[in-house]
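Undergrad: Starting from the structure of chain A, add chain B where the hints point.
Protein chains in written order, with the numbering used here: chain A, 1 to 189; chain B, 1 to 114.
Bear in mind the hints are in silico, worked out from the structure with no lab data behind them. Incorrect hints may appear among the rest.
Which residues of chain B face chain A? A few of them, derived with a C-beta cut under 10 Å, are [said to hold, decoys possible]:
hint, residue
1, Ala24
2, Thr28
3, Cys102
4, Thr110
5, Pro113
Listing some non-contacts, in silico: residues in chain B with all C-beta distances to chain A over 10 Å [unchecked claim]:
hint, residue
6, Phe19
7, Asp37
8, Ala60
Computed from a predicted structure; not experimentally measured. Ideal Cβ positions, reconstructed from N, Cα and C, are used throughout, including at glycine.
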Amino acid sequence: MLWGSFALFTLVLGLFLAAVLVPRFGRGVSQTRWIILGGLVLPLPVLTGLTFYAFAEGEFLLKGAVSEADEVLEIRATGRMWQWQFSYPSVSGSPVHTDLLHIPAGRTVEIIAESEDVIHSFWVPRLGGKIDAVPGHSNRLRIRADQPGRYGGICSEYCGTGHAGMQFEVQAHRQEDFREVVTGGFRHD
Amino acid sequence: MRHPLLLVILAFVVWSGTFLLVYATQATGCSVGWHNDEIAFWRSPLRFILIVLVIIGLVAIVGTLAWLRRRNTLTAALETSTFLDDVKTYVAIGAIFSSAFCFAGVFWLTLCPL
Numbered sequence: 001m002l003w004g005s006f007a008l009f010t011l012v013l014g015l016f017l018a019a020v021l022v023p024r025f026g027r028g029v030s031q032t033r034w035i036i037l038g039g040l041v042l043p044l045p046v047l048t049g050l051t052f053y054a055f056a057e058g059e060f061l062l063k064g065a066v067s068e069a070d071e072v073l074e075i076r077a078t079g080r081m082w083q084w085q086f087s088y089p090s091v092s093g094s095p096v097h098t099d100l101l102h103i104p105a106g107r108t109v110e111i112i113a114e115s116e117d118v119i120h121s122f123w124v125p126r127l128g129g130k131i132d133a134v135p136g137h138s139n140r141l142r143i144r145a146d147q148p149g150r151y152g153g154i155c156s157e158y159c160g161t162g163h164a165g166m167q168f169e170v171q172a173h174r175q176e177d178f179r180e181v182v183t184g185g186f187r188h189d
Numbered sequence: 001m002r003h004p005l006l007l008v009i010l011a012f013v014v015w016s017g018t019f020l021l022v023y024a025t026q027a028t029g030c031s032v033g034w035h036n037d038e039i040a041f042w043r044s045p046l047r048f049i050l051i052v053l054v055i056i057g058l059v060a061i062v063g064t065l066a067w068l069r070r071r072n073t074l075t076a077a078l079e080t081s082t083f084l085d086d087v088k089t090y091v092a093i094g095a096i097f098s099s100a101f102c103f104a105g106v107f108w109l110t111l112c113p114l
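Pulled out of the complex, with its shape left as it was, chain B reads as follows:
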């Protein structure tokens, strides 16, 4: 059985994985020079890769929220309290806003030292 407290932090675990992936890719891309070329819309391959990773991460967190809500509905009748279900939902919504806020910089911030 999945521990309810682990499910509370699940959305931010996905957020952490996205952060790690974006950070590692940015560092690697800068090191090997993926930021030097422009492939389309005056954007470099590195920026495109980071944008794709952020979108995948965002979709994964939204998917986590949808899965938690569906699970909450299925298990509601078996549980004595819905408090933790509410917390899971709010935490997942927080993770979605946090992702949009933290990772938006990949669209417009300078990616590497000049």
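Okay, chain A solo, but in the shape it has when bound:
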């Protein structure tokens, strides 16, 4: 994805600079053709590919990634001005974690987003879509980290003066370590 965007950026900027700096570059192509090629032929396949990739990923998380419902791990994410609290209803003895979300790698996780005050929005850009946390509602979002690692998360709905600092970290652990980490019995870096 990164290299694709780099290639497109280079192509577009290269054409722009060539049109500005190289004498008579592109004069053989009519204005109408420039608009059709640059405005339709170039972006349409890219946008179509990205859209259907997003559709396929969404369907995979909802259906293909799990064979039975109990394979999905539910985690409650509660937003309040200006922090996130994460609790694990299916993991007995787990404390509430503030601004730190532990998930098992290679397993689909269902976030139940709620709010105690105003509308917030749960978003971990590298792990998929985002979902609003609305007071009085429980909205659900599925995410999945294929590899152990750290991922940045942020509130993506303006919620007051502390909104910009309402960030959290997602730590994806190996499945065998996950339970111990969540219950506090495993020290991690």
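TA: For chain B alone, kept in the frame of chain A given last:
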């Protein structure tokens, strides 16, 4: 008199209304459980309602295009330039393709969290 610039965006205003209606209906339907039953062709009431809304929206945008073209023909002799008429037509055609592309998911995508 209708402002020409407002008519340029008319088709996408209809598109926006369709989007709002489909989004609100999907959220409401998921909340009250319209997606749980199957009424025909292994489809839920929610999917049927969304498909009907999308078809109505598509027809409304095609109708907007037809109305704009008829209006362009009637007013062509009174105007000094047909540039904006052409823009209106192209924008409306764009809105039709955009509708087909954006809303096609109601036919086959999963509608609600499982």
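Undergrad: Which numbered conditions among the earlier hints are violated in the structure presented, ordered from lowest to highest?
TA: Per hint list: 1, 2 violated.
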